[in-house]
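Whenever a hint applies, use it, and build me the whole structure from the sequences.
Sequence order for the protein chains is G and S. Each residue of the first sequence is one higher than the one before, starting from 1 at the first, in the working numbering. Each residue of the second sequence is one higher than the one before, starting from 1001 at the first, in the working numbering.
Label pairs and their calculated CB-CB ranges:
#, chain 1, residue 1, chain 2, residue 2, range
1, S, Val1285, G, Glu296, 51 to 59 Å
2, S, Arg1106, G, Asn428, 53 to 61 Å
3, G, Gly282, S, Phe1248, 34 to 42 Å
Coverage of chain S stretches by chain G, computed from C-beta distances (three or more under 8 Å per stretch; other residues unrestricted):
#, segment
4, 1105-1117
5, 1137-1145
6, 1196-1202
Think of the hints as simulated: they come from the structure by calculation, not from any bench. All values derive from a computational prediction rather than experimental measurement. Quick reminder that beta carbons are idealized off the backbone N, C-alpha and C, glycines included.
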Amino acid sequence: MSAHAPMRPRTAYMNARILDPAAGLDITGSLLVESGIIQDMGTNIFEAGISPDIHQVDCVGLCLAPGILDMYAELPGSAGSRAEPLASSCQAAVAGGITTFVTAPDGTPVVDTPNVAEAVQRRGHEIGLANVLTHGALTMGAKGEALTEIGLLYNAGCVGFSNGTQPVQNTALLRQALVYAQIVDTTIISTPLEASLIAGGQIHESALATRLGLRGIPVLAETLAILRDIALAEATGARIHIGAVSTAAGVNLIRAAKAKGIDVTAHTAPPYFSASVSAADGYRTFAKLLPPLREEGDVTAILAGLSDGTIDAIASHHSPHAEDQKRVPFAQASFGAAGFETMLPLALDAVAAGRLPMLRALEAMTSKPAEILRLRVGRLVRRQAADFILFDPKAGWVIDSQHFVGACRNTPFQGRNVKGQLVMTIKNGRTVHTLNAL
Amino acid sequence: MAAPLYKLNKPHLLGIEGLTALDIAMLLDRAKTLAAANFKIDKKISPLLDKTVINLFFEPSTRTQTSFELAAKKLGADVISMQVATSSVKKGETLLDTAMTLNAMRPTVLVVRHGDSGAVQLLAEKVNCGVINAGDGTHEHPTQALLDALTIHTRKGRLQDLVVAICGDILHSRVARSNILLLSKMGAEVRLIAPPTLLPVGIAGDNVTIYTSMIDGLREADVVMMLRVQNERMNGHFFPSAREYYHFFGLDAKKLALAKNDAIVMHPGPMNRGVEIDSAIADDVTRSVIYQQVEMGVAVRMAALEVVGEYHAGGAK
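This is the structure:
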């Protein structure tokens, strides 16, 4: 490098298929990064030639899209976990193309005071791989009894409010929360599960559950909760976001509510459009999720709901568990699967199978959740942070948890053939993950 | 007597689900031979002679454990029975740790009962001896189904085309699940009679029909199999009261009269007299085969221990 080289290093990502769902952009072109910022992008930005001091990355055959925003990850909380410390989670996130993720509020400690909310973000900042944001708890201790300081938590950076996997059962209190939360511009996220119908439940209520002798979780547990949430949103005018949706009936309810003009949005998670209850046959605890994996018809309906926008977003619901929390009798095993590193591949696989349009899939993981949570990420914008991913939409590979970057390997998708592979994750212009093969 | 052993060709007996109709027929045949010989075998040809059988019971049991103990002793095995207090086994690590500890003592067969469905299979994946499921959660209880089938076969001479009514708490019953699998595999017509709250989803099948009335379900039945109603189910969540349950689903003389004249009455025990079964019927030796079931239990468990032991002991000596 000469003495006259610019102080600020520049990198050009050449000849990529640039996809920006927010702008409806799908072009072949190049993108120039300078000092962690997107300087320029387009088809002909180097028409007049390229300066020799610009480092060039050849992206022929690759797609370039905004970094993934994962709007709901079930991390163990800022107290960390012996299973997967936050630093490991962050590595797993960027290895999944996720440049920003939002953690659920019901880890340890519960995010019910501004201190806890700030601690989570600060720890994420120290690690410096992905933006780590957090939802606030809707009720103290996520116990569903008393409201948290929603306004102060919002000021402390909480991007949404939820009661985690134990939704507020007291409808009067939830109504108060929805009305009160309107003092700030925030979204209430409701997990659609009716507690009395999931108590003791292990997998989807089905002939398989009967055969395995495991208590079932009925579809009704989801539809009843969604009906309540929709009615509350309609009655209060509050913004309510429902997730994760796992059933065809749930998709239909949300579709109908949207058609009525009710301010409701929803997300699902990759397992619900990639696998059915049969994944849990043989007591495979890695497929023990909440909500549970449903039937093939539900998988199809979730994909249809994603395709037509009824289901706005995809969230990972990344839930790391140590091996010994899963190598136990089914009823004793924890719910949840590692999801950071399989979210993008499973979505791209649905795209490759023709079951989900590419831009819609990306929108559901970038600009759409950003819009729901009022975040300025998830788009490719000049003069904004260079957070983006490169992926090969045609590359076929096999998911192998032994190659996971994160500490936890509890995936129900071990050995699954998928098409679509992440090649590189760039956060603030810095390459934070590269596919080994490259 | 030196009856040739048929090979199960499976390392474990975890459920009826994994057995073929031929497996079942052979097991029943062997058990019948053992019962006819008054449970006496030439121990020199027993695959379990001087081998170790460990009964590992994570749930309290008297009859099943005793039955397995007796069966193993009749096969010449050294038997150890362990009642593991459920309180100390809240965590799954303990289940596998316990299993590995026992495995290190090199038993030939582990007989396991556990309160969680699938726990016995999980354990079987970790040990290198044979495992017999003595009941796991609400999943399966294969030796109970086999002894029920043997009892029926002894009394009726066949299983094929018999009408067998299974009445009561199907939802929580591993006995029902194993019996449904076995009887439908063997060509019997299975009727399930229960209040709708005690019927699991998707239980009906090719040879399995659901009834919510004893009056409809018991008609022309050859076998009436009553299930125990657990006390903890009588809290008003599944049915209103024991009194109402008995009125609609308890077996009394009037309801039994709907079945065939020579219909037999079965119960896996222990019975709740006056809840699911009238005392007089339970004690009616012309109809009730409840104690015969217990007797057949020893024969069936001997047969089960033999075939699983055979697989692991590498042939009878």
